[in-house]
Amino acid sequence: MLIIGLDIHRAFAEAVAWEEGRLRRLGRVDMRRDLLAAFAAKLSPNDVGVIEATGNATSAAAVVAPHVKKVGIAKPK
Numbered sequence: 012m013l014i015i016g017l018d019i020h021r022a023f024a025e026a027v028a029w030e031e032g033r034l035r036r037l038g039r040v041d042m043r044r045d046l047l048a049a050f051a052a053k054l055s056p057n058d059v060g061v062i063e064a065t066g067n068a069t070s071a072a073a074v075v076a077p078h079v080k081k082v083g084i085a086k087p088k
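Here the sequence shown stands for residues 12 to 88, where the numbers follow this note's numbering.
A few of these clues could be false.
What the hints assert, rightly or not - No farther apart than 20 Å at their CA atoms in a straight line, the calculated lysine to aspartate or glutamate pairs in the DMTMM-like style are these: (1) K53 with E25; (2) K80 with D58; (3) K53 with E30; (4) K86 with E31; (5) K86 with D18.
Note that these hints are calculated values from the structure, not bench results.
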C-alpha cells in the first residue's frame, strides 16, 4: 500500500508517494480529466489518496477514487 499525495495547481498536480517511511516524488500529473484518470489507473486498489483541498479537489477525488482504496481531501494548515 502506498499513500499518494496530490498537490493540485491549476493545470497540473505534483504527485508523491509515501512508502515504508520514505517520500518518493512521482512527478507532475496533468489535471486534464483523461490524463489524471490515466495516472490513477496505474495506482493499486490498496493505495490511499490524499488530495490538497482546492477548488477542483472534489472533481480530482472523483477521478482518482475508483482506482484506490480510499481518497481524502486535506487542508494543509
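Does the structure keep K86 and D18 at a Cα separation of 20 Å or less?
holds (11 Å)
Does E31 lie within 20 Å of K86 when you go C-alpha to C-alpha?
Violated - the C-alpha atoms of E31 and K86 are around 24 Å apart, more than 20 Å.
Does D58 sit within 20 Å of K80, going by the straight-line distance between their CA atoms?
holds (6 Å)
Going straight from one Cα to the other, do K53 and E25 come out at no more than 20 Å?
Given that 20 Å is the threshold and the Cα spacing comes to 16 Å, the pair holds.
Does the structure keep K53 and E30 at a Cα separation of 20 Å or less?
Between K53 and E30 the Cα gap is close to 16 Å, so the pair holds against 20 Å.
Violated hints amount to a single one, hint 4; each of the other numbered hints is respected by the structure.
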